[in-house]
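For reference, the chains in residue letters:
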Amino acid sequence: MILTKVASLWRLFNRNRLAAAGVYMVSFLILIAVFAPLLAPHDAVEQNLSRSCKGPSLEYLLGTDEFGRCILSRILYGSRISLTIGVTSIGMALVVGLFLGLIAGYYGGIVDGLIMRIVDVMLAFPYFLLAIAIVILLGPGIFNLIITISIYSIPTFARVIRGLVLSQKQREYIEAAKAFGENDSNIIFRYLLPNCISSIIVYSTLRVGSAILVTSILGFLGLGITPPTPEWGAMLSGGRAYLRAAPHIVIFPGIAIMIAVLGCNLIGDGLRDVLDPRLREEVLK
Amino acid sequence: MLTYIAKRISVIFPVLLAVSLIIFLIMHFAPGDPAALFLGQMVTPEDLEKVRREMGLDDPLHIQYLRYLKDAIKGNLGISYYTKQSVLSELVRLFPATVELAVASMVIALLVGISAGVISALKQNSIFDNVSMVVALGGVSMPVFWVGLILMWVFSFKLGWTPISGRLAVQIDLKQITGLFVIDSIITGNIAALRDSLRHLILPALSLATISMGIIARFTRSSMLEVIRQDYIRTARAKGVSEALVIFKHAFKNALIPVVTVVGLQFGLLLGGAVVTETVFSWPGIGNVIIVSILRRDYPMVQGALLLLALLYVIINLLVDVSYSYLDPRIRYR
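Quick mapping for you: the protein sequence lines, in order, are chains A and B.
0 is the number of the first residue of the first sequence in numbering that gives the first Met the number 0; add one for each residue after it.
0 is the number of the first residue of the second sequence in numbering that gives the first Met the number 0; add one for each residue after it.
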């Protein structure tokens, strides 16, 4: 029953060529991340200054960076970092945001007011400046970055989910469930949540893309993952000084970031068209 | 209308208060002893103790916060650990650079985004539509710093058309009035300075504009598509109004209303993105100073700069809300 539904959604989804392209991009990255040790032609951290800043060649397909490390290998390993941070931070933000959004939307009143005021304050920081502030406190490192990006993502999740709950709360089926004497947790988890879940999936997919982007921005600014760990943003930052002579150090990691973010965005857009056309405006904000 | 504005303004104060508290707490618990950071290396424990007392670091936390708040309201944001100058005067000096960059990016994003969106909507499913929507999606997905570096590689290193950093060549003299170099050189009629400042401005502004450009284009397109299917457009056509007039007078004006809200939100992206773009192009603005100061652990500077950007963002959002309610009176009664 569920399988046929998924199959028919997949057919609908696959008709959208851009969305299918997104699926290929992301699957490609996942494969790369899983098999990085097998695929990487060279060591990703071993330095050798005698071959630094070499352009693409047969031995080093994407060239070497300023420390003579193989850029292809570093990009392959870097996909593990980006995907791990993107998925886990958004997973955590989703759990917390779901909890906050559901109780704020469902109960309303003081709880709602309190949660939404906190959300307002966190959203008063333009773009990722909240993430910058948190990273100052926590310091660099993968674990801290996951925490940082998930805290940064919580307010928008809470706000979107609250909005979804509000739009469902007045529907007849909720009234009916109440009239049957269902308790609150049953109404929330068995009635409200299943009706919001498709929008939540769409939104989460789009957020994974932006989490990967913010990870790379923080890495580029020298506040995220620290060297020698191969992180795409940090790789770009290292290559900056050699831009004139060795642009490949900057070009390739940037393309990797773009594939990851674009892939997530395309999947998210495609899912939205299939599952939930209403969400369009909400997400663009 | 006035009550609406008053209501919106009354909401910002608690938000800003809470923002200042968050920033204060983060900087307070950030690693490093402020007194030691202020004095730098090679200090005696006695000096450290003395400065700690002078800075009031031994006071309870809430006293320190209230003192910070009181000072901030009076315009005193503390002294930079690094330059030993007043943070406020440093920020005032850097502020016009960020405004110039953000406004220039916004102008580019609006011009390109809106025209691409309108044309895509009018020629729906044409090649132009498909290409520009894919490009728009790419623009949203590209890291700003990467776009900046690629532009720099092409236009500065390969073609040699633009400088790689700063706002104005050293040898050019410009009398500063507003601090916005493009405006200043127009006011003073300084053609050399105008050309040079534009040359410096174009790449940072263009790279910062990429994200917003894509979002505005996509949003304008969907808004325009919705509008041209409305009854009043059919009515206008039926009346025999010329097609150009239908598009520009009837459709375009109404399609722009929802675009205004995204434009407001784009300013948040621009202010945040400015941190990255200014770092790439060594643009001497607020964003650049935040990163430089974090790496120097110059916390008063970071604190002041973050507070300024948050304040600016909140005010811009207020203005957008107000203008939106002016454009679409239905909002006010919700």
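FYI, nobody ran anything at the bench for these hints, they're computed from the structure.
Computed from a predicted structure; not experimentally measured.
Each hint should be verified, as a subset may be incorrect.
Stated by the list, open to error - With a straight-line Cα cutoff of 30 Å, these simulated DSS-like cross-link-like pairs (lysine-lysine) come out:
#1 B:248 with B:122
#2 A:168 with B:6
#3 B:157 with A:53
#4 B:238 with B:252
#5 B:6 with B:73
#6 B:69 with B:83
Results of checking the hints against the structure:
no., hint, in the structure
1, B:248 with B:122, "holds, 18 Å"
2, A:168 with B:6, "holds, 27 Å"
3, B:157 with A:53, "holds, 18 Å"
4, B:238 with B:252, "holds, 19 Å"
5, B:6 with B:73, "holds, 25 Å"
6, B:69 with B:83, "holds, 21 Å"
The structure shown violates none of the earlier numbered hints.
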